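*Asks:* Protein chains in written order, with this note's numbering: chain A, 4 to 298; chain B, 4 to 620.
Derived by calculation from the structure, the hints in this document are not laboratory data. Since the model is a prediction, treat every value here as computed from it, not as a measurement. Beta carbons are placed, not taken as given, at the ideal position from N, Cα and C, and that holds for glycine. Check before you lean on any hint, since a few could be wrong.
Heads up, simulated EDC-like pairs for lysine to aspartate or glutamate below, C-alpha to C-alpha not over 20 Å straight-line [to be verified]:
(1) K198(A) <-> D495(B)
(2) K225(B) <-> E183(B)
(3) K366(B) <-> E148(A)
(4) K370(B) <-> D275(A)
(5) K366(B) <-> E171(A)
(6) K423(B) <-> D495(B)
(7) K366(B) <-> D275(A)
(8) K238(A) <-> D223(A)
(9) K409(B) <-> D163(B)
(10) K366(B) <-> E262(A)
(11) K238(A) <-> D275(A)
(12) K238(A) <-> E364(B)
For each label pair, taking beta carbons as the anchor points, the in silico distance ranges come out as [claimed, not checked]:
(13) R447(B) <-> N246(A): 35 to 45 Å
(14) V178(A) <-> S357(B): 46 to 56 Å
(15) S369(B) <-> V178(A): 40 to 50 Å
(16) N309(B) <-> D265(A): 23 to 33 Å
(17) A209(A) <-> A486(B): 44 to 54 Å
(18) G117(A) <-> T174(B): 49 to 59 Å
(19) G117(A) <-> N203(B): 37 to 47 Å
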Amino acid sequence: MNFLTHTSPTCASTMRNGRGAVLLRPFVLVAAHIGRSKPAPLHGLRRLPELFTALLAATLLANAQPNELFQKAGRAYDTGDFAGAGNAYAELLKQGYASPQVYFNLGNAEFRLGHGGAAALAYRRAWHLAPRDADIAANLQFALEQSGAVLPAAPLWARWLQSLSAGEWRTVALVLFWLLAVLACVALLLPARRKVFRPLVFAAFAAFLIALGGVGYWLDLQVRQPEAVVMQNSKVLFAPLPNATEYYALPAGAIVRIEAQDGAWLRINSADRPGWLPQTNCIAICPAPAGGAGP
Amino acid sequence: MPLYSGGQFMRTPLLRPWMKILALGLALIGCASAVPLSVDFDVQPRILRLGEAAQLTVTVHGNRSPPAPPIANLIDCDVAGPNFSSMFNFINGSLDQSGSFVYQLVPRRTGSHRIGPFDYKVGDRMFKLPQIELNVAAPTTVPVATAAGSGPTQQVAIADLVFARLDVMPTNIVVNQTFELRLSILFRDVRLDNNFSLNNWAPAGLNLSPFGELPAQRTMIKGQVYEVRQFRSQARALTAGHQRLAPTVRGAIIIEGERRRRGGPFDDPFFDGIFGRGVQTRAIEIATQPLEFNVQGLPEAGRPANFGGAIGHFTLEAQVKPNDGAVGDPVTLTARIAGNGNFDSIALPMLTNSEQFKTYEAKMTSKELDGSQLNGSKTFEQIIIPKSMEANRIPAIGFSFFDSDKGQYVTLSAGPFDLKLHPATAGSAMIAGGGPAANSPTGRDIAYLKPAPAEWHPRSVAGADAGPLFWPLQALPPLAVLAAFILARRRDARAGDVRLVRREQAPRSARRALRTAGEALAKNQRAAFFEALAAALRSYFGNRLNLPPGDVTVEGLRQQLAAAGVDPVLAERVQTLFELCDRERFGAAAGAFDAAAAQAAVDDTAQLLRQFEKVRL
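Use the sequences and the hints to build the structure in full.
*Replies:* Listed below in structure tokens is the structure:
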């Protein structure tokens with residue numbers, strides 16, 4: 004069983020897996036509801052309350068299915084059916100309902116099943132979506148400790164950019180973008196106030212650039228996929244050859260940096276030690292849009 | 004007040020920062036430890052031709068003004084000098100004050116010359132300067148041009164003057180061992196171009212780094228002095244087997260003294276300096292003796308379980324710090340491997356989790372290697388946590404490598420390391436998973452499941468599911484800024500253009516005056532009416548033509564309108580209206596005020612001005 008062949012929430016691949024149907028579902032339901040009640044066409048504002056109610060009902064219906072699956076997974080977990088729980092969480096992810104909660108719970112199920120690598124991968128993906136969540140960080144740390152791996156150290160600037168998630172950086176950038184435009188318009192149209200507004204414009208611009216840096220940082224992680232999780236205890240080799248000399252060993256769950264790919268081999272780096280691993284031994288934390296870098 | 008008078012000097016604001024820097028520098032110099040007294044003695048080059056000079060250098064470290072060394076009377080050598088120089092150097096935080104004596108030695112005969120040994124006393128210490136041998140060959144007899152093949156008198160094969168050699172070091176090589184390939188190009192009596200390339204160079208089964216040049220040397224072969232240019236590559240054998248390397252070096256000889264035929268007016272020695280007299284290069288293939296060597300496979304017999312591929316000669320040092328603490332407190336095991344060999348293959352097998360110890364992944368904390376990457380050291384650290392009071396001895400760690408000289412595996416070990424442990428504190432018990440403590444966690448586990456999210460949203464990349472209006476909306480801010488920019492530019496342009504401003508004011512001012520005229524007409528005020536009507540005309544044309552108020556006259560206006568090519572009928576109507584107003588204002592007003600005629604005059608003026616709005620003036 005492998006729960007982790009689904010696509011990641013932060014990747015473009017999510018767009019293709021039934022997301023359109025999910026998005027359209029409320030509108031289909033609204034149309035069906037209205038069609039049943041009154042076949043006449045909608046005219047004027049008289050039917051607005053009805054339309055609103057129908058839309059709300061459709062949204063609730065659309066939420067009901069993933070909620071039910073999520074609760075079912077939780078019940079399976081509570082009864083010790085970790086495989087069943089993992090399957091249900093994986094199904095949610097397959098439907099496009101990726102969230103930190105789903106990844107976190109999937110990580111828990113994998114951890115209980117003794118799949119250290121898969122647990123670390125799920126926790127790391129959850130962390131990508133909610134980098135400040137203390138539970139995710141604690142479980143990831145705990146899972147890595149149990150397998151003898153350590154979190155790779157990130158430079159100070161990267162740790163700072165990791166304080167907000169990709170979505171949060173996007174929101175900040177968007178707000179600053181509009182604020183910058185408003186301030187620039189005011190500064191242009193009120194020359195008498197230009198002395199006051201000019202530093203504000205520069206400050207907003209600098210903040211906007213920083214926010215773009217945050218967006219770019221996460222985008223880079225999604226596009227370039229420099230990180231991978233080792234799924235099973237592996238031996239890192241000196242060369243991309245099956246009989247090459249072993250360099251060092253990596254425990255399942257170890258997070259490594261991917262430097263290059265040579266056929267079915269990945270050149271990885273762990274703690275400043277470059278080496279080669281079979282591609283099947285690790286999974287990129289954000290799979291490629293074409294279907295994933297992992298098995 | 005003099006600048007240098009007592010404390011005032013230090014209080015002068017401009018000088019204060021410099022004084023601080025100076026004081027800091029002096030303090031640093033004072034704090035820096037001095038380099039101990041030592042003497043370097045060298046002669047370069049040690050192989051030379053008769054008539055050439057060698058340079059003898061004696062450098063005394065730790066003393067800036069040492070006495071001159073006793074190098075005056077050398078048999079069969081002319082000695083010139085010494086030239087003395089002294090310097091300060093900071094080397095690794097230590098202050099080195101050194102003094103150097105440089106002598107020029109010119110041998111008077113060929114053969115071997117022994118320089119030294121000398122006894123050299125510096126202060127209270129006596130130094131023994133070692134004996135150095137100089138080899139002096141007879142001066143060159145082969146002219147350069149001859150060497151290049153253009154001379155008629157003496158034919159010397161180019162292969163005797165330039166040849167190359169490929170060496171491998173060390174000679175007994177095993178798979179994965181990093182070794183050195185050294186290409187030496189030896190030449191005499193010719194000048195070689197700086198660019199070389201290798202032909203027939205595709206070694207199979209070897210991983211080679213690019214060749215890097217080493218300092219040039221000299222060597223003596225059969226009584227001849229050869230210049231040696233050396234290039235080094237780090238190689239690693241990927242497979243066992245026989246290797247045969249036979250490249251040829253492609254280079255070029257620089258030929259001096261041969262003037263090129265240019266023809267024309269520049270075919271004169273006068274222009275040789277301008278056009279680079281006689282400097283030509285001639286490509287040559289430099290033969291290299293084939294290099295053959297065997298790469299041995301690593302023997303299976305006696306291979307230690309923890310052998311990780313290291314080949315060379317190494318030492319292992321390890322320590323644990325702190326070696327006393329509480330159960331659950333982390334200790335750091337530091338191991339340093341130093342020596343000579345393939346350091347990139349070194350990974351120290353550290354300790355793994357056990358019942359007594361919890362261990363973390365080992366990390367390399369430093370790597371200090373020389374330029375060849377073969378000599379130096381690597382240091383590793385591993386965090387270890389004793390879980391119980393019984394964990395008072397950290398087991399020994401081992402490191403194995405293959406000694407290529409001895410042809411056998413060697414296992415080094417360090418430890419075991421004793422720990423002085425005392426019972427765990429509340430904080431450390433949790434880490435170690437030890438016994439329960441009051442108000443402290445008694446165990447560790449993953450956090451429980453998270454509740455369902457409040458809303459379920461299929462996620463995607465940035466903005467892709469934000470709706471069809473999202474991205475078009477984002478065009479608004481830049482468009483707004485652009486519009487504001489254009490408005491600001493227009494406003495700024497208008498602020499500086501009086502003609503444009505008055506042009507825009509013209510209809511407004513005329514309308515105002517016509518309104519005043521209408522009001523006067525309603526009140527049956529004849530004088531005020533015509534005054535307002537005249538003002539409407541004056542203000543309109545004054546603003547349209549950017550004229551001062553006093554310059555708007557009937558005659559002037561007629562000329563301006565004619566010059567602007569205005570329809571004469573329109574111009575005539577303007578003149579008529581002006582004359583009507585002037586007649587009514589300044590002439591004798593006769594008869595009653597005809598309101599209908601006045602209204603007609605207002606309408607006529609308004610219509611006329613509207614027509615003028617369409618006329619370019």
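*Asks:* Are the hints correct? Go through all of them and say.
*Replies:* To see whether the hints hold, each was checked on the structure:
{"no.": "1", "hint": "K198(A) <-> D495(B)", "in the structure": "holds, 17 Å"}
{"no.": "2", "hint": "K225(B) <-> E183(B)", "in the structure": "violated, 27 Å"}
{"no.": "3", "hint": "K366(B) <-> E148(A)", "in the structure": "holds, 15 Å"}
{"no.": "4", "hint": "K370(B) <-> D275(A)", "in the structure": "holds, 10 Å"}
{"no.": "5", "hint": "K366(B) <-> E171(A)", "in the structure": "violated, 34 Å"}
{"no.": "6", "hint": "K423(B) <-> D495(B)", "in the structure": "violated, 82 Å"}
{"no.": "7", "hint": "K366(B) <-> D275(A)", "in the structure": "holds, 9 Å"}
{"no.": "8", "hint": "K238(A) <-> D223(A)", "in the structure": "violated, 28 Å"}
{"no.": "9", "hint": "K409(B) <-> D163(B)", "in the structure": "violated, 39 Å"}
{"no.": "10", "hint": "K366(B) <-> E262(A)", "in the structure": "holds, 19 Å"}
{"no.": "11", "hint": "K238(A) <-> D275(A)", "in the structure": "holds, 16 Å"}
{"no.": "12", "hint": "K238(A) <-> E364(B)", "in the structure": "holds, 14 Å"}
{"no.": "13", "hint": "R447(B) <-> N246(A): 35 to 45 Å", "in the structure": "holds, 41 Å"}
{"no.": "14", "hint": "V178(A) <-> S357(B): 46 to 56 Å", "in the structure": "holds, 53 Å"}
{"no.": "15", "hint": "S369(B) <-> V178(A): 40 to 50 Å", "in the structure": "holds, 45 Å"}
{"no.": "16", "hint": "N309(B) <-> D265(A): 23 to 33 Å", "in the structure": "holds, 28 Å"}
{"no.": "17", "hint": "A209(A) <-> A486(B): 44 to 54 Å", "in the structure": "violated, 24 Å"}
{"no.": "18", "hint": "G117(A) <-> T174(B): 49 to 59 Å", "in the structure": "holds, 52 Å"}
{"no.": "19", "hint": "G117(A) <-> N203(B): 37 to 47 Å", "in the structure": "violated, 57 Å"}
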